[in-house]
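Asker: As given, the protein sequences belong to chains A and B, one line each in that order. Residue numbers for the first sequence follow the numbering used here, beginning at 20 and rising by one. Residue numbers for the second sequence follow the numbering used here, beginning at 444 and rising by one.
Quick caveat, the hints were computed from the structure, so don't treat them as lab data. What you are looking at is a predicted structure, and each value in this text was computed from that prediction instead of being measured. One or more of the hints may lead you astray.
The calculated lysine-lysine pairs, modelled on PhoX-like cross-linking and capped at a C-alpha distance of 20 Å, are [said to hold, decoys possible]:
{"id": "1", "chain 1": "A", "residue 1": "LYS467", "chain 2": "B", "residue 2": "LYS601"}
{"id": "2", "chain 1": "A", "residue 1": "LYS467", "chain 2": "B", "residue 2": "LYS600"}
{"id": "3", "chain 1": "A", "residue 1": "LYS224", "chain 2": "A", "residue 2": "LYS48"}
{"id": "4", "chain 1": "B", "residue 1": "LYS607", "chain 2": "A", "residue 2": "LYS467"}
{"id": "5", "chain 1": "B", "residue 1": "LYS687", "chain 2": "B", "residue 2": "LYS650"}
Selected chain A positions facing chain B (in silico; Cβ < 10 Å) [to be verified]:
{"id": "6", "residue": "GLY75"}
{"id": "7", "residue": "ILE135"}
{"id": "8", "residue": "ALA156"}
{"id": "9", "residue": "TRP228"}
{"id": "10", "residue": "THR248"}
{"id": "11", "residue": "ALA414"}
{"id": "12", "residue": "VAL417"}
Even glycine gets a Cβ: it sits at the ideal position worked out from N, Cα and C.
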Amino acid sequence: MTLLTILAIQVCLLIVGYLMAVVFGVAQKLEALAVAYLLGSGVVSIVFLLLHWLFGLNLDATNFIASVFLTGGLAFLITKRMKKTKEMTDFRLTKTSRVLKSLSVFEKSLLILLFILVGYTIIENYVWPVTAWDSLALYDFRARVMAVHGNMVEGIQLGYFFQYPPFTSFLHLFGYVFGNERIKLAYSFIFASLLTSFFVLLRRKQPLWIALLGTLFLAVDSYIFGHSTVAYTNLSYVTFLTLGLIYLLFWFHEGAKKDLLLGAFLLGLSTWVRSSEPFWLVGIGLILLRLFTKREQVFLGLLMIFLMVGISRLWGIFVQSLYAANNFYPAARRSLLAIVLSSRFSFELLLSRIQEIGGYFYLYSLNVWRYLLLPFGFSFYYDWRAKNKHNLTLAVMVGLLLSMLFGGIFIFSLYYETWNLITDSLQRVSMVFPPLLIYFIFSSQIWKQHGTQRR
Amino acid sequence: MVLSVVRRDTFRLFLVLLFFLGLLVSNFIFELEGVLSYSHHLLLRSVLALAVVSLFFSMRRVTRQKLQPVIRVGIIVLAAALFINIFLNMINVYSLGESFWGVEFCAAFVSLCTFVQTVFFTFKLFRFITLSSYFFLLPLFTLLMIYLGNDFVLGTKKYDLPRKFFLALIFLLILPNLLKSFHRAYLSIIQSYQIRHENFYDRFVFKEGGPGYYGWIKVFSNFILAQTPTSASLLVPPQAMEYKMEGNTNYFRWFLYPRRLYHLQSLEAGLESNELDYVVVSGGECESKQCVWPDFEIDQDTIKRMIFIDRETQGVTTIEGEPFLPENYQNKWGLIELR
């Protein structure tokens with residue numbers, strides 16, 4: 020019963036997300052399934068908060084059911100109007116078995132390995148409770164308090180409650196409100212969604228066996244795989260951010276509307292998981308650049324930017340309104356701009372600080388993705404020669420992300436005395452690079468051999 | 444011409460066997476030294492695996508097909524050995540003799556049990572159970588690759604040398620990560636089966652290394668939950684390395700909510716504060732040195748009673764009518780109920 024309940028909750032989110040994917044114009048069932056849980060969990064959790072904030076519903080089972088029906092119902096009506104429902108809900112086993120039969124032995128082996136890895140995360144996440152430090156201190160604790168009270172008011176008194184957006188805590192809360200404690204199963208769904216979406220995106224560029232091999236390569240990356248069974252924000256954040264950026268990359272070069280919609284939503288939802296990293300701004304830059312150069316889909320592009328900014332600001336505005344409603348006025352914090360402008364550095368001190376950050380970056384950030392540098396170098400050379408614009412744009416994006424990370428560490432060092440002692444935090448932030456680099460490597464022209472037909 | 448092709452295949456087959464034997468021997472040596480999972484050792488053996496795979500696929504198709512039955516047998520033997528290893532670890536074969544059905548069975552079949560035990564210890568079969576998953580998985584994956592990887596080879600047949608080097612690099616990067624991932628899965632299957640009867644939240648103790656390690660915080664918290672009402676307010680140690688768990692209120696509150704936790708410096712009236720009901724006594728993590736918190740005296744008049752839990756036996760003792768003197772309670776864990 021416990022397993023059925025928790026699965027039912029996840030499947031509800033999956034169905035809502037699937038319908039949303041169809042609304043966005045996704046025509047391929049596998050792709051819709053791949054992004055379904057991400058869209059569903061993200062949007063339902065936002066509606067869940069909005070129903071609580073604007074209409075006074077408690078953060079409980081009734082609210083969850085209302086959120087699912089509201090979002091899912093709206094998406095269903097739109098898909099019906101689009102006349103897509105029948106086509107996209109036709110899941111015949113014969114079709115699936117025909118596809119599976121057409122796979123080569125090697126491809127089947129890769130698929131089996133992937134299923135085993137996802138299966139392991141399901142067992143691990145179902146059998147074991149939450150044990151990770153930050154989850155006990157914040158993400159899971161918040162969910163338990165909300166489950167008891169149906170709101171976040173006590174969080175003001177408790178302290179260390181509002182520092183992160185609520186996505187991860189809501190994923191836990193969706194289980195707790197139904198009396199189910201096996202909430203970690205949600206992370207298996209996130210992991211499976213990451214792998215499936217990654218495969219679908221890679222498949223757009225490469226034959227099946229390369230797409231499967233690349234997906235397996237990502238699945239066994241030690242940080243990604245390690246976080247598939249840890250109740251932290253990092254895997255969810257990396258999933259939303261990297262998939263969002265890759266979808267926007269496709270839109271940048273091919274202009275398909277559904278890539279813009281998916282990319283913008285996923286990127287916006289990354290700020291609903293974690294808001295301290297500004298990596299999502301690279302996506303906004305990409306959208307603006309295309310709007311400026313191609314002058315197509317301008318309204319839609321600006322609307323998506325507005326949506327992303329809206330999602331990123333939602334949590335902060337809610338928290339401020341909660342404080343005001345409870346007559347709580349925390350001490351004002353200096354803005355980052357004020358911190359940067361008020362800092363005074365001599366040239367020698369600046370150089371020394373940069374050197375210090377470089378060493379810190381080398382030891383802890385680079386450590387996460389250093390093993391990918393050599394294959395990346397190879398791939399980059401072939402893509403440069405072949406003028407593979409798709410991948411060269413991705414390389415620029417990765418460069419921008421690296422610069423932002425480096426710059427972010429520098430700014431952090433200005434106001435946080437022990438900035439270089441939270442090494443595991445830097446490693447977790449650097450987890451955004453492996454999926455992007457692995458995607459680059461496996462979508463590269465280096466895999467093309469003379470006379471190969473894409474299958 | 445045909446003879447030279449056959450000779451070439453024979454030589455390559457010899458090299459395949461040599462490298463595979465080298466893989467098995469290095470596996471065995473590293474296992475004995477307990478360094479099987481070290482990154483550089485994994486990489487070295489991945490190179491051996493790559494050599495086996497490359498040489499195998501450089502042979503003619505007809506030669507490779509003749510070897511398929513032998514490879515199949517090798518896969519079956521290794522897979523069976525791995526499953527037996529997992530099974531024996533799952534049922535925790537060392538404690539079988541003490542288990543209920545083990546005692547009953549051996550009482551009925553004394554000579555059989557004696558024979559099994561003799562064989563077990565004479566041939567040191569217990570070493571088989573201590574073999575890690577890496578010992579089986581690396582040769583197994585190598586054999587699977589040469590058994591199932593024909594399509595991969597076809598797909599990369601026309602690759603030039605730099606691309607082949609790139610493929611080799613991908614192989615060398617993915618194989619160690621694959622082994623590490625499967626090793627985690629292997630450990631998880633064993634541990635998940637062993638704790639299946641435990642209360643869900645108490646599995647925290649096992650996951651965090653048991654009551655002798657970080658799992659102690661859950662055992663200690665269960666003690667506090669049993670001794671205090673939900674409305675209780677507790678004074679906890681300061682946030683320091685010695686008290687990194689129980690001294691971190693953001694962390695400790697997960698275990699004790701809705702009870703309130705306070706540090707001494709956050710209370711204006713200190714120990715006299717009306718808000719306080721209990722003081723947490725922590726033996727700390729002092730690296731074999733003596734320590735305890737509170738590290739100050741609390742007089743008898745302030746104390747209603749003191750309740751202590753033994754970290755090893757989890758036995759509970761209550762003391763009344765005495766002051767709290769830190770020197771008398773070094774490395775002790777418990778609660779002081781205040782008047």
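Asker: The structure should be examined with respect to each hint, and the outcome stated for every one.
Answerer: Checked hints:
{"no.": "1", "hint": "A:LYS467 x B:LYS601", "result": "10 Å, holds"}
{"no.": "2", "hint": "A:LYS467 x B:LYS600", "result": "11 Å, holds"}
{"no.": "3", "hint": "A:LYS224 x A:LYS48", "result": "18 Å, holds"}
{"no.": "4", "hint": "B:LYS607 x A:LYS467", "result": "12 Å, holds"}
{"no.": "5", "hint": "B:LYS687 x B:LYS650", "result": "18 Å, holds"}
{"no.": "6", "hint": "GLY75", "result": "23 Å, violated"}
{"no.": "7", "hint": "ILE135", "result": "7 Å, holds"}
{"no.": "8", "hint": "ALA156", "result": "4 Å, holds"}
{"no.": "9", "hint": "TRP228", "result": "6 Å, holds"}
{"no.": "10", "hint": "THR248", "result": "8 Å, holds"}
{"no.": "11", "hint": "ALA414", "result": "17 Å, violated"}
{"no.": "12", "hint": "VAL417", "result": "18 Å, violated"}
In summary, the numbered hints that this structure violates are 6, 11 and 12.
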